[in-house]
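Asks: For reference, the chains in residue letters:
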Amino acid sequence: MGDLGNKILERIKEEKIEPRPRWQFLLKDYFVWSAFGISLLVGALAFCVMLSIILDNDWDIYRYLEISPFEHFLISLPYLWILLLFLFLAIAYYNYRHTKKGYCCKTFTILALSIFGSLILGTFFHSLGLGGKIDRTLSRNFPVYQKIHCCCHRQDIWSQPEKGLLGGRITGIKSISNFDLEDFNGLAWQIEKDEGAFLRGPVLVEIGEEVRLIGKKKSERVFRAFEIRPWWNREEE
Amino acid sequence: MINSENCAQKTDEELVALTLQNQDFFSCLVERYEPKLMRYVRRISAATREDAEDLLQEIFVKVYRNLNDFDQSLKFSSWIYRIAHNQVISSWRKTKSRPPVLKFEADEDFLKFIAADEDLARDIERRFTAEEVRRIINQLDEKYREVLVLKFLEGKDYREISDILRRPLGTVATLINRAKKQFAKIVEEKEIKF
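Keeping their order, the protein sequence lines are chains A and B. Per the working numbering, residue 60 is the first one in the first sequence, and the count goes up by one each step. Per the working numbering, residue 216 is the first one in the second sequence, and the count goes up by one each step.
Hints may contain errors.
Stated by the list, open to error - Here are the simulated BS3-like cross-link-like pairs (lysine-lysine), alpha carbons at most 25 Å apart as the crow flies:
{"hint": "1", "chain 1": "B", "residue 1": "K277", "chain 2": "A", "residue 2": "K165"}
{"hint": "2", "chain 1": "B", "residue 1": "K225", "chain 2": "A", "residue 2": "K165"}
{"hint": "3", "chain 1": "A", "residue 1": "K160", "chain 2": "B", "residue 2": "K290"}
{"hint": "4", "chain 1": "B", "residue 1": "K396", "chain 2": "A", "residue 2": "K160"}
{"hint": "5", "chain 1": "B", "residue 1": "K400", "chain 2": "A", "residue 2": "K159"}
{"hint": "6", "chain 1": "A", "residue 1": "K222", "chain 2": "A", "residue 2": "K206"}
{"hint": "7", "chain 1": "A", "residue 1": "K192", "chain 2": "A", "residue 2": "K206"}
{"hint": "8", "chain 1": "A", "residue 1": "K233", "chain 2": "A", "residue 2": "K277"}
{"hint": "9", "chain 1": "A", "residue 1": "K165", "chain 2": "B", "residue 2": "K309"}
{"hint": "10", "chain 1": "B", "residue 1": "K366", "chain 2": "B", "residue 2": "K400"}
{"hint": "11", "chain 1": "A", "residue 1": "K87", "chain 2": "A", "residue 2": "K75"}
{"hint": "12", "chain 1": "A", "residue 1": "K66", "chain 2": "B", "residue 2": "K309"}
{"hint": "13", "chain 1": "A", "residue 1": "K159", "chain 2": "B", "residue 2": "K366"}
{"hint": "14", "chain 1": "B", "residue 1": "K400", "chain 2": "B", "residue 2": "K290"}
{"hint": "15", "chain 1": "A", "residue 1": "K72", "chain 2": "B", "residue 2": "K400"}
The hints are simulated quantities; they were obtained by calculation from the structure and are not laboratory data.
Chain A on its own, in the form it takes in the complex (with noise of 0.2 Å):
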């Protein structure tokens, strides 16, 4: 052996130098592994909150808000999830390209089975009600998530009785066809319910119960209710 390999195990010697044990580096790969799979699991949860509100929004009232369908498309759409989603697609890129054999994919191989990973996991997620109580829950104990989550406030959408658009939670019941609604910006209204008023979905109305109505404002707080609409989709209760 020349000088150099010499030199080289005279140093490994001197300095004490040590092989590092094996159980750092499969540490490490768990590590990457798990990074790469909570990506995942993230970027489905996204894609199942995603799928919760655009089923969820009601695609039908850009008549009363006086935009075209494509414009009330654009407003509607989850932003923050869909960001939420991508960002967590290219974390999940990251971390498999990271793991000892991530180099052998292709690029478009590893995106493309990452997205069906997370739009499959994220249906599955969705039938079980996830995508529907992550958002009731944001909603409720985090009051800046409605303004962030899509361009439009669903609650601003729904406090513009001028247009025939009012939500809010019932307060008293005082007849079949009246009831008192709390707005969402604590103003008192007298809900007159139309004789052929057609109640969408599973609502109830009962005190407590959040309600959007379609209708038309008749005074400065009375309005008239043709259609009852629950404000979450029971079904995901």
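Take the given structure of chain A and dock chain B to it, following the hints.
Replies: The following block gives chain B in isolation, referenced to the frame of chain A:
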């Protein structure tokens, strides 16, 4: 006492396992790979012999430290070349500069490649001297240069290059094809006069 006879019949993978039990067996791996890695390091960097020796020391120390990370599904030579490649790049980053001109030794094998390669032979009907090849290669993008060195000078196959550079197989094939095209383009566009 470990000597050449102990080592000669053993595979790299066996030597790794033996080294983990007895440090002295590492000398066999050093002896086996020192000349190859010295040539490789000097081919991809502008290092003097002394600088290359320093780099090589760092490389072998790193190899020794990370022996437990050696994945048996890889060839040991791919693994050690990968460490060597990364260490050279790491040293460039520390000095915050890449060598302006690479010391590229276009030896006989590479000249034979130039002469024998059908793509190049079709476009460039001429023979090249070592100096001409060196000048052309130095003008190639780094990513093309490194695959050409591994393929035609180190004699690595596509799978090994993929493992060394941690790139997909398809990407390696693409890089080699593009390297050849860029080689031909440089010769034609710059109208190199020799």
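Asks: Is the hinted pair A/K233 and A/K277 satisfied, with a Cα-Cα distance of at most 25 Å?
Replies: The given pair, whose Cα atoms are some 18 Å apart, holds under the 25 Å limit.
Asks: Could you grab the alpha-carbon distance between A/K66 and B/K309 and see if it respects the 25 Å cut-off?
Replies: Within the cut-off at roughly 23 Å; holds.
Asks: When you check the alpha-carbon spacing of B/K225 and A/K165, does it fall within 25 Å?
Replies: 36 Å, violated
Asks: Does the alpha-carbon distance linking A/K192 and A/K206 stay inside the 25 Å limit?
Replies: Holds, at about 18 Å.
Asks: CA of B/K400 to CA of B/K290, is that 25 Å or under?
Replies: Roughly 35 Å between the alpha carbons, so the hint for B/K400 and B/K290 is violated.
Asks: Starting from B/K396, check that the Cα of A/K160 is at most 25 Å away, please.
Replies: Distance of about 30 Å is beyond 25 Å: violated.
Asks: For the pair we were handed, A/K165 and B/K309, check the Cα-Cα distance against 25 Å.
Replies: Violated - the C-alpha atoms of B/K309 and A/K165 are around 30 Å apart, more than 25 Å.
Asks: Next pair to validate is A/K222 with A/K206; report whether the Cα-Cα distance is within 25 Å.
Replies: Cα-Cα ~21 Å, so holds.
Asks: Does A/K159 sit within 25 Å of B/K400, going by the straight-line distance between their CA atoms?
Replies: 37 Å, violated
Asks: Does the alpha-carbon distance linking B/K277 and A/K165 stay inside the 25 Å limit?
Replies: Answer violated: B/K277 to A/K165 is near 29 Å, above 25 Å.
Asks: Sort out whether B/K366 lies within 25 Å of A/K159, counting only the CA atoms.
Replies: Holds: A/K159 and B/K366 sit about 23 Å apart, inside 25 Å.
Asks: Is A/K72 close enough to B/K400, meaning Cα to Cα at most 25 Å?
Replies: 51 Å, violated
When held up to the earlier numbered hints, the structure conflicts with 1, 2, 4, 5, 9, 14, 15 and fits the remainder.
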